[in-house]
Amino acid sequence: MNQEINMPAPGKILAEAIDRGQSALSEFQSKRLLACYGVPVTREALAKDAGQAMEIARRIGGPVALKACSALLMHKSERGLVMLNLKSDDEVGRAYEKLASAAGFELEGVLVQEMVDGQRELMAGLMRDSQFGPCVMLGLGGVLTEAMDDAVMRMAPVNENDVAGMMAGLRCKDILGAFRGQSPADALTLVAVLTGLGRIGLEHESVAEIDINPLVISPKGRIVAVDALVVLKKGKSHAVTH
Amino acid sequence: MLSRIDQSPLYRVANPRSIVFFGGSNKIESMGTNILMSLLGMGFDGPVFPVHPKEKTVQGLTAYASVLDLPVTPDLAVMVLPTASVNPTIEQCGRMGIRQVVVVSGGFKEVGGEGPTLEYEMVEICRRYGITLIGPNCLGVANPHHKLNTTFLPFEGRPGFIGLASQSGSFITQMFNYMARHHLGFSTAFSVGNSACIDIVDCLDYLGACPHTRVITLYIEGLTRGRAFVETARAISPQKPIVALYVGGSPAGRKAGSSHTGAMAGPDRLYDGIFRQAGIIRAANLTELFDFAWVLGTQPKPRSRGVVIQTHSGGPGAVAADAVGRTGLTLPDLSVQTLEALQPYVPHTGSVANPVDLTFSKNPMDFFAAIPKVLLEDNNVAMLMVYFLIPLPVIRRAMAQMGVAPERLESEAGQMVAEYARAFSQLHLQARKPVVGYTWRGLEERFVQLLMENGVPLFPEPERAARALAALVRYHEWRKVINADPVTG
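The listed protein sequences derive, respectively, from chains A and B.
The first sequence begins at 1 in this note's numbering and counts up by one.
The second sequence begins at 1001 in this note's numbering and counts up by one.
With the rest of the complex left out, here is chain A:
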């Protein structure tokens, strides 16, 4: 029986990754999964050659970021596999060539992504606890994530009240409001992000952990997942869909 026809998109994304024996989704796959659950993600596409990269960059318009994309890459920026603020065809083309060869193994492609403006960086995530099952997290994100260690958790499913409590529970809660001339963070979208993460945890046993970091708040208050990682459960790499 071929279930693929009726399989919802998120299930398909996961099933394919599991079939290929991946232990995590690539950034591109991760964001496709998150988008199915109402998480706003950067406008982006995968390029397989420099020409494609330039074309995607033109379509997005404005400066773009290029990122080496592979399920094997969990910490791209630390390995220098991210290039930011590329403005011309020429810059995009050269960045493509550099990234394609730098990883040292075959990539899924190079991700061409809109640059999101915003100094306020959050993180949101999902983890599983042996007692409480899937749990979601909201915290201060970006490079200071671990150093500031400012995060709150709730058990999934979460509702609007829970998310309001999470926002109020952060030490850095002031950056969610009107902040240095910038608009308050769009609270409804934050609710969507955290309920969405919780639903993924409840609906997909194969997902072990998720990081969205950074989850950027733009000066206008728009919320966008700029980077994301979906970690799959171990020992499932040989599972196939029947």
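Some hints here could point you the wrong way.
[To be verified] Computed list of chain A residues with no C-beta within reach of chain B, every gap over 10 Å: (1) ASP89; (2) MET137; (3) ASP149.
[Said to hold, decoys possible] DSBU-like cross-link-like pairs, simulated, lysine-lysine; straight-line CA separation at most 35 Å: (4) A:LYS234 - B:LYS1109; (5) A:LYS220 - A:LYS234; (6) A:LYS173 - B:LYS1147; (7) A:LYS173 - B:LYS1240; (8) B:LYS1362 - A:LYS173; (9) A:LYS76 - A:LYS173; (10) B:LYS1240 - B:LYS1147; (11) A:LYS220 - B:LYS1480; (12) B:LYS1362 - B:LYS1301; (13) B:LYS1240 - B:LYS1054; (14) B:LYS1109 - A:LYS233.
Note that these hints are calculated values from the structure, not bench results.
Here the structure is a predicted model, which means the values were calculated and not measured.
Heads up, the beta-carbon is just placed ideally off N, CA and C, and yes, glycines get one too.
Using the hints provided, position chain B relative to the given structure of chain A.
For chain B alone, coordinates are given in the frame of chain A:
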């Protein structure tokens, strides 16, 4: 959630009509004898049947060689036996028709070797006979309303309104004295031990339905039915406040994960979130657990976060104001009407800002009646926090100056203090606003004792008073949100 307490499997554990006791003897060095004496010392109303292989009488009661010899089938069996005898004895009790058992004995899952297997067998026996079992490795139950105490220390004090479900038996038995000194008391307290059959979730469920319990306290080191815990707590907390102390979640307990989320998800952070989600107020330590329960169990709902501090000394008022500010509560200005109404009572040295610092009272009684009454009538004021300093030596000294005969000083000073306490307690009862006090005088002093007796929470430092008021506010703010929610409300 239980709609009636007698639907709980724990009902006859906490309210047995008769008890068979295993492990008590006439040797005072045995744990069993001590627990039996605690039970008898409390004056349990029903018959207690000691079972002992050799003795004819135990602690003055007729002893039975075997449970099978008993004239009736008791509601509850309490066992303080060597590990190896426990399971065969439960089996005998099961055959006898006994359906409630407390196993104090240890040597099960908490130790290695045979322990876990023995505990598994215990659960199987209980399942076969439909036995509700607390323990093993616990101190059982104290229900002062039913004169029941299966713990080590003799009960002190009085029945009260604080329910407790604890993963440490010490926090039941070793708190009797603490509670008594504060004029508090347990409604019912459970020590769950290894939780082989009955766990903290079952106890929480029972206390939720228990009519004597106005506030539930929990001591948690780790849960084994996390999601059931949250569901149960969520069903109870909109009606009855729950306060929890969780320990065991230091950052060292964090697991390394592949993600930031995994790395940052320590148990302390997780329990913190779970408690908030379930409407449970978290206490930072044991003292706070009972401070919060005290205020949540005695004080009405505050209308806002505004606290007014009443003092006659500057420093004690200032530190209280500082403490209130740190908890996120506010110090509102008094209304114009209040300022006018206070005029006759405030000497020119006093201040009618917040804190209201009277420096001294023209008539000492004003401090306990007229002044707090005016403050409580102010719509800006949701809660009142009063600094008390009533030193008997000063009152005696003043009375002696006024010509009171030396032999009458003690009783007249005592009477005066009692009148102050009566006036303030009266006001507290009528206030419909939360009122707490703080003092650095001794808990044993007559004025302090009288106030506590009348249900005024009195703390030995303003920080504790402020945090307890903040906990009260947090609970009611959460309840308001939950009850307004069309889905969960």
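The hints, checked one at a time:
1. ASP89: For ASP89 (chain A), whose nearest Cβ neighbour in chain B is about 35 Å away, the distance exceeds 10 Å, so it holds.
2. MET137: violated (5 Å)
3. ASP149: violated (7 Å)
4. A:LYS234 - B:LYS1109: holds (30 Å)
5. A:LYS220 - A:LYS234: violated (40 Å)
6. A:LYS173 - B:LYS1147: violated (50 Å)
7. A:LYS173 - B:LYS1240: holds (30 Å)
8. B:LYS1362 - A:LYS173: violated (48 Å)
9. A:LYS76 - A:LYS173: Judged against 35 Å, a Cα distance of about 28 Å means the pair holds.
10. B:LYS1240 - B:LYS1147: holds (24 Å)
11. A:LYS220 - B:LYS1480: holds (32 Å)
12. B:LYS1362 - B:LYS1301: Since the Cα atoms of LYS1362 (chain B) and LYS1301 (chain B) sit roughly 33 Å apart, the hinted pair holds (cutoff 35 Å).
13. B:LYS1240 - B:LYS1054: violated (48 Å)
14. B:LYS1109 - A:LYS233: Between LYS1109 (chain B) and LYS233 (chain A) the Cα gap is close to 30 Å, so the pair holds against 35 Å.
In this structure, the earlier hints numbered 2, 3, 5, 6, 8 and 13 are contradicted, and the remaining ones agree with it.
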